[in-house]
Amino acid sequence: MSHKSKGYRVFSFFNHIFLIAIALTCLLPLLHLLAQSFSSKGAINGNLVSFWPVGFNVDAYIKTFENSNFVRSMGISVVRTILGTFISMFVITTAGYALSKDFRGRNGLMWIFIVTMLFSGGLIPSYILVSSLGLKDTIWALVLPGAFGAYNLILIMNFFRTIPKALEEAALIDGASFFKIFWKIYLPLSLPGLATIGLFIMVGHWNSWFDGILYMSSTENYPLASFLQTVVVQSSSQNMALDPTAAKAMSEKSIKAAQIFIGTLPIIIVYPFLQKYFVKGIVLGSVKE
Amino acid sequence: MNQVTPTEVNQLENSKIRKKKTYRTPWRTELKKNWPLYVLCIPALVFVLVFSYAPMGGVIIAFQDYKPWLGILGSEWIGLDNFRRIFEYQESIQAIYNTVIIAVIKILVGIIVPIIMALLLNEVRHMGLKKGIQTLVYLPHFLSWVTVAGIMLNILSLDGGINHFLANFGIEPIFFLGDPDLFRPTVIISDLWKNFGFGMIVYLAVLAGIDPTYYEAAEIDGANRWQQTIHVTIPTMLPMIIVIATLSLGDILNAGFDQIFNLYNPLVYSTGDIIDTYVYRSSLLNGQYGFGTAVGLFKSGISLVLIIISYRLAYKFAGYRIF
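Protein chains in written order, with the working numbering: chain L, 1 to 289; chain D, 290 to 612.
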């Protein structure tokens, strides 16, 4: 290819530099956070910490894990993530499988589900509903209301559609039941797709913070994301609002950094798996036979 | 060939092929034959009826002076009073205005930047480097706004990293999150930072699918890389760009609750308060449930119309269907 012209080479050089710089901006804030979490108070307040710890110590992490509220919230997050993902996947795969078939009333059902993408009752009606069902202050308030997602349903449905009909027909001839076909053919064959969607749902649960604040009247029941929201975000912005210089007095940046980092760590850990699949996931969900 | 194409592109093709089928089978035969399919839909149906449709019915409290202790049945009906108040309060008008401004700019940069970045990244020939850049720029999308806001409050504060860095050039500390004039740019840029990478994915998928013979042919005709981009690459991306642009019409009233809620403070309400945060404060914090619901309904009503229009346009111009 004639990419060798002088103009193109100059462009290419600056293009590489530019893209690498942009990519670094996505990493450096996290590195800064990590460095702060391992640094001494003095170094942070003196603004000596950039991307490498200064006055290395793990006090912030020790203090974080000594905080029983933090540990409890983390436990709640783990439970909600596992339970919530399981429930969501059950609800979506069952309906997704059914809707990948043609049967009478399918389009009507599909519209019932699609409407939820177009319109929602909004904050207060949902809040009143969850309260009147008696779900407030229970883990169910965090896992049930969002369990169904129309977008995920469509993705899963498209996955199931990619599985050759011949397989199903052969199984039917062998006398397999509907449920057996679902369980033994469709689920195993669409595992990569299901894994992608499952990971997305897990990340969503782990990151979800507003429902905790909304439905839990006591901070004792907060999942980690809600806990971080109150401790890290609310306290900073309130300080700023009261008095800009008051922020200076707050010298616990390292603890905040440690808490945020621990809260983000699970996402960073699953990210490589997520990345391996999500590009395909966006794509695969639609490959036709 | 195992050709991977993005959802949207594929749906474009689906829609051309698919024809409307009519079902003549009587319900009895159908139920007997396909009962497992109906059974499998029940869990999802129960969930949407309870957690989506019941709240939709709950919007009637927008027409009430709702008091939690009186309930929906006992609260006083006040007609359209709540809606009238939306346009009487300075605060709510401001919130609607802020929402539209922030959302529209976010949508515009959120369409343009990923296209440009995808085109630039497409010029990187070194596969490892390309992969590495992709890995890093997709990452922020998966962080929660709580995390990102936590980092931003840290590095953008008066004694934070950014101001410390700017001090090297003799620039006075800037109060990014406390200055009404700077709040919107801060919100828009941070949102772009978080999401441009993810927005690139669909375009990169399109670019990867372009038949190389087009470029070879263009080259034989003497087209340089720039001309190839203009005449081959961009026209190929156009259907996808149209779909994404039209579908984003539905987000004109979505300025990003998660982000704003975690970044704003009373100092920047004048430019940063949006419909969703206003609904939260007026209802759950100040107890005006009926009014809050009315503001929310105002938003979701307009959004519904916009979404329907956007789907129609996407279908008309690019043959896109949601399912």
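Hints were generated in silico from the structure; no laboratory data involved. Honestly, I wouldn't trust all of these hints.
Here are the simulated BS3-like pairs of lysine-lysine, each with C-alpha atoms no more than 30 Å apart in a straight line [unchecked claim]:
1. Lys-184(L) to Lys-356(D)
2. Lys-356(D) to Lys-101(L)
3. Lys-136(L) to Lys-321(D)
Looking from chain L toward chain D, a few residues come up when the C-beta cut is under 7 Å (computed) [to be verified]:
4. Asn-15
5. Leu-19
6. Leu-27
7. Leu-31
8. Leu-33
9. Leu-34
10. Ser-100
11. Phe-103
12. Arg-104
13. Leu-129
14. Ala-147
15. Thr-219
16. Val-232
17. Thr-264
18. Pro-266
Bear in mind the structure is a predicted one, so any value in this text is a computation, not a measurement. From the three backbone atoms N, C-alpha and C, an ideal C-beta is built for every residue, glycine too.
Status of the hints after comparison with the structure:
{"no.": "1", "hint": "Lys-184(L) to Lys-356(D)", "verdict": "violated, 52 Å"}
{"no.": "2", "hint": "Lys-356(D) to Lys-101(L)", "verdict": "violated, 46 Å"}
{"no.": "3", "hint": "Lys-136(L) to Lys-321(D)", "verdict": "violated, 41 Å"}
{"no.": "4", "hint": "Asn-15", "verdict": "holds, 5 Å"}
{"no.": "5", "hint": "Leu-19", "verdict": "holds, 5 Å"}
{"no.": "6", "hint": "Leu-27", "verdict": "holds, 5 Å"}
{"no.": "7", "hint": "Leu-31", "verdict": "violated, 11 Å"}
{"no.": "8", "hint": "Leu-33", "verdict": "holds, 6 Å"}
{"no.": "9", "hint": "Leu-34", "verdict": "violated, 11 Å"}
{"no.": "10", "hint": "Ser-100", "verdict": "violated, 10 Å"}
{"no.": "11", "hint": "Phe-103", "verdict": "holds, 4 Å"}
{"no.": "12", "hint": "Arg-104", "verdict": "holds, 4 Å"}
{"no.": "13", "hint": "Leu-129", "verdict": "holds, 5 Å"}
{"no.": "14", "hint": "Ala-147", "verdict": "holds, 6 Å"}
{"no.": "15", "hint": "Thr-219", "verdict": "violated, 15 Å"}
{"no.": "16", "hint": "Val-232", "verdict": "holds, 4 Å"}
{"no.": "17", "hint": "Thr-264", "verdict": "holds, 5 Å"}
{"no.": "18", "hint": "Pro-266", "verdict": "violated, 11 Å"}
In summary, the numbered hints that this structure violates are 1, 2, 3, 7, 9, 10, 15 and 18.
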